[in-house]
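Taken in sequence, the protein lines are chains A and B.
Using numbering that gives the first Met the number 0, the letters of the first sequence map in sequence onto residues 0 to 418.
Using numbering that gives the first Met the number 0, the letters of the second sequence map in sequence onto residues 0 to 418.
These are computed hints drawn from the structure, not numbers from a lab.
Any given hint could turn out to be false.
The list treats identical chains as interchangeable, and a pair is accepted whether it falls inside one copy or across any two copies.
[To be verified] For lysine to aspartate or glutamate, the following EDC-like pairs were computed, each having C-alpha atoms within a straight-line distance of at most 16 Å:
{"no.": "1", "residue 1": "Lys111", "residue 2": "Glu67"}
{"no.": "2", "residue 1": "Lys240", "residue 2": "Glu198"}
{"no.": "3", "residue 1": "Lys111", "residue 2": "Asp318"}
{"no.": "4", "residue 1": "Lys313", "residue 2": "Glu67"}
{"no.": "5", "residue 1": "Lys313", "residue 2": "Glu20"}
{"no.": "6", "residue 1": "Lys313", "residue 2": "Glu25"}
{"no.": "7", "residue 1": "Lys158", "residue 2": "Glu25"}
{"no.": "8", "residue 1": "Lys158", "residue 2": "Asp39"}
{"no.": "9", "residue 1": "Lys111", "residue 2": "Glu20"}
{"no.": "10", "residue 1": "Lys148", "residue 2": "Glu217"}
Number of protein chains: 2
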Amino acid sequence: MPRIQATYLIETPHAPSDAAEAIANEQSSGTFVDVSTETDDLTERHGARVEDVTVRATVDEPSLPGAETPDNSSYAGSYTRATAQLSYPMENIGTSLPNLMTMVAGNLFVLKELSGVRLIDLSIPETFAAAQPGPQFGIEGTREVVGIKDRPIIGTIIKPSVGLSPEETAEIVETVVDAGVDFIKDDELIAGPSYSPVEERVEAVMDVINRHEAETGETVMYACNVTGDVDEMLRRHDAVKDAGGNCLMISLQSVGLAGVKRLREESDLPIHGHRNGWGAMSRCPLLGFSYEAWQKFWRLAGVDHLHVSGIRSKFYESDESVIASATECQTPIASQKPVMPVFSSGQWADQVQDTYEVLGNADLMYLAGGGILGHPDGPGAGVTHLKQAWEAAMQGVPLEEYAETHEELRTAIEHYGNK
Amino acid sequence: MPRIQATYLIETPHAPSDAAEAIANEQSSGTFVDVSTETDDLTERHGARVEDVTVRATVDEPSLPGAETPDNSSYAGSYTRATAQLSYPMENIGTSLPNLMTMVAGNLFVLKELSGVRLIDLSIPETFAAAQPGPQFGIEGTREVVGIKDRPIIGTIIKPSVGLSPEETAEIVETVVDAGVDFIKDDELIAGPSYSPVEERVEAVMDVINRHEAETGETVMYACNVTGDVDEMLRRHDAVKDAGGNCLMISLQSVGLAGVKRLREESDLPIHGHRNGWGAMSRCPLLGFSYEAWQKFWRLAGVDHLHVSGIRSKFYESDESVIASATECQTPIASQKPVMPVFSSGQWADQVQDTYEVLGNADLMYLAGGGILGHPDGPGAGVTHLKQAWEAAMQGVPLEEYAETHEELRTAIEHYGNK
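Kindly generate the complete structure, drawing on both the sequences and the hints.
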């Protein structure tokens, strides 16, 4: 069976190769006491291996607490940063996705040998990837559902995020559907509370969307937040489908890998993966997961869309990091489909040109709340200004120049640009 | 409906009260654009509220990247640490456990207003707690299964962690069962690979344990690692039960909340919760979750035992933190049962007295690998020395004094104490 490659950014008061070995031991056959059954043959077959260690920098202060400095070591008093590539035998976990997580991202985060440890990449063999459900729709399948081929899918988030009845939700949906959005999602803060059960909300919303489709021939995708217990999500999937719904949204970190995979196995609909909570394991640069590594688990479990924040967003992430995340979503994992990166948070025309230029394509969802609803000439003009901004970017025309002949864009630049 | 209280440790380049308001807005009804449907009435009913902000310290450097310093603020150039208590309307989520996670620990970790944010406590109303499965066995139920009332449950972990066939596993189990352990667990790195399917392993292991019970009348608990996909875990539960098994182990972070809860709903057996991977969201002091907050989710989902590492362990955590974790496990959540804290990692007699003294009771599992198998007089003496150490601690006799009349303890101190 092939091996799974995992790359870590580590920081350590030991020799970096020793620290890498500590990870290999902790995560496979190592014990701190001689066990007669731990033969060389067993270690050869089941042990993790350090494939490469490359020193990157040395720092004076540890990034994380609790690392133990060996007194007698030449490394005492300083901390070496390195990338460490390890390989793990796939035989140890077979094709189990939850156990992949334990193997490459389990106890290693609490090792004393490390003052920093972050899983920054993961290379999945085809035999492992092929055994996972993976995205059912991905980029192409999602485009087919909404019938949009050559530009981003323009969408919005229902606000206020909480407190609206199904009827009030449907009224807002009517406004934005009339305005011309391709995609609408629930906020992550509303799933199925008693004041807006999924069954009632999706009926009310799809009633509007189906009517719109009958009138205009245009399909709007509605990502209904079904986050909940396993059976609850399966029931909600059926309710969404029965109402003619065309997308499910889940808060990935809140449900977990096994739950997401179970839903995917039963689902006939695209799954919109919301990453809320992921910052808890990613914002510290020397701990947890890079987005590149983290997103692979959820894609193998079966999501079709993944949030990546946005350029110049209201969140902490750098623009470079956002674009790297989106590029990663668009890169296939072995034979599994690429997924739609979802840009959102404080987006309007302003970020379009940079997004397109750096990403190099328009295979994405571009979500705006205030960027649509806050347009001085109304939500219709809000949607139009975004489409115009993407036309400009994709035609290589400077935004200001395109705005000269496109009123909605011009007004948006005057309005949002001065905020 | 009652409100859910969440307390955060925050660090911010803004006024701490403004930063706390930013969390409240992000996690409930706030938007950055006026929405006519967001009425005062809606905010009153569905908005999160800042209940208290207490400044703790000021630092010169941000703990996390990406915090935005307001130029015109009197706070510019420094970062204030504070505890912020927020309350959230339970109405927003009903009694949904995954959605509780999104509400109190969602997008807030990536806010620009913060250079540090950690959920340090969570107060669960009885109406919420009562709607969760919670621990089925807890401390008392676990004690009943193994028939041990007045001392810790002494256990061990099967090593090597990976690579053993079911028959080889059963041989090791025979050794440690004969040695007198009360509890045995799989390592988290072995669940159900093709070389040791759960069904075959649990049969082989329970065969040994059941024979031992028939001969001696003593029940040994075996936590069989069933970590996997939802249906796989349910099938494995049945296989464990059919083989006369008496405990399931799960890697919590790898399975996720919805999966753990689903298993608990179908389970007739105690669930041993392994926390591998939790360090990714906890080791950075100004990010993620404290153990106190984190463990509540898993207990409400239904685990009966929870790992807390151990005093003077091979992991990074301080002894104070370990004891605080254990105390928290022993504290009921509303009407839900307390759970068994599981001490492990580099444990032998050495840590017993301190553990008992600071914790103040013996309601725990005490696991040793090398501390049992590495004893010079064999595993039987290894188990006996741990029992003797606990007798000494609970009788208030100094370890060295007790060792004078207890050979296995004396030998252990000579052997391990000089390592």
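Evaluated hints:
When the C-alpha separation of Lys111 and Glu67 is checked against a cutoff of 16 Å, the pair qualifies only within one copy, where the shortest distance is 6 Å, while the shortest distance between copies is 32 Å. In this assembly of identical chains, the alpha carbons of Lys240 and Glu198 lie at most 16 Å apart only when taken from the same copy (10 Å versus 37 Å across copies). Taking identical chains as interchangeable, the C-alpha atoms of Lys111 and Asp318 lie at most 16 Å apart only when they sit on different chains, with a minimum of 13 Å there against 33 Å within one chain. Proximity of Lys313 and Glu67 under a CA criterion of 16 Å is satisfied inter-copy only: 10 Å between copies versus 38 Å inside one chain copy.
Proximity of Lys313 to Glu20 under the C-alpha cut-off of 16 Å is restricted to the inter-copy arrangement: shortest distance 15 Å between copies versus 40 Å within a copy. In this assembly of identical chains, the alpha carbons of Lys313 and Glu25 lie at most 16 Å apart only when taken from different copies (10 Å versus 39 Å within one copy). Only between protomers do Lys158 and Glu25 lie at most 16 Å apart by alpha-carbon distance; the minimum there is 12 Å, versus 47 Å within a single protomer. In this assembly of identical chains, Lys158 and Asp39 lie within 16 Å of each other by CA distance solely across copies; the values are 14 Å between and 61 Å within a copy.
When the C-alpha separation of Lys111 and Glu20 is checked against a cutoff of 16 Å, the pair qualifies only within one copy, where the shortest distance is 13 Å, while the shortest distance between copies is 37 Å. Taking the closest pair of Cα atoms, Lys148 and Glu217 come within 16 Å of each other only inside a single copy of the chain (13 Å); across copies the shortest separation is 68 Å, beyond that limit.
Consistency note: the structure conflicts with none of the earlier hints.
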